Amino acid sequence: MTKVLLLGLGRWGVNHLRNLHSMPIELYVAENGEQQLEPARKLGLPDARLTTHYQAFAGKVDCVVIVTPAQTHFP
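The numbers in the sequence shown follow our numbering, run straight up by one, and end at 1217.
Hints are computed from structural coordinates only; laboratory data are not their basis. Careful: at least some of the hints might be erroneous.
[Stated by the list, open to error] Estimated spans, in silico, between C-beta atoms of each pair:
{"#": "1", "residue 1": "A1190", "residue 2": "M1165", "range": "14 to 24 Å"}
{"#": "2", "residue 1": "Q1213", "residue 2": "G1186", "range": "29 to 39 Å"}
{"#": "3", "residue 1": "P1166", "residue 2": "P1217", "range": "17 to 27 Å"}
{"#": "4", "residue 1": "S1164", "residue 2": "P1217", "range": "27 to 37 Å"}
As the structure is a prediction and not an experimental result, all values here were calculated from the model. Backbone N, C-alpha and C fix where the C-beta goes; we use that ideal spot for every residue, glycine too.
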């Protein structure tokens, strides 16, 4: 099964979350704060697949969907 990390749960991120959640994938989610992870929790994603430090899933996923402001896409 493909493992996908979704970065960002802002306005667009929540839309991506709903769409990705409906696909046959193993979904992981990273957001800056615990409170921002609530939409993923409401969909039933386990805490083991949620983080406030995206690096926690480095090397564990097959692809990353970046849904954050453009200036955060690169160092």
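field: Violated hints - listed by number, lowest first
entry: Checked against the structure, the only hint that fails is number 3, while the rest are satisfied.
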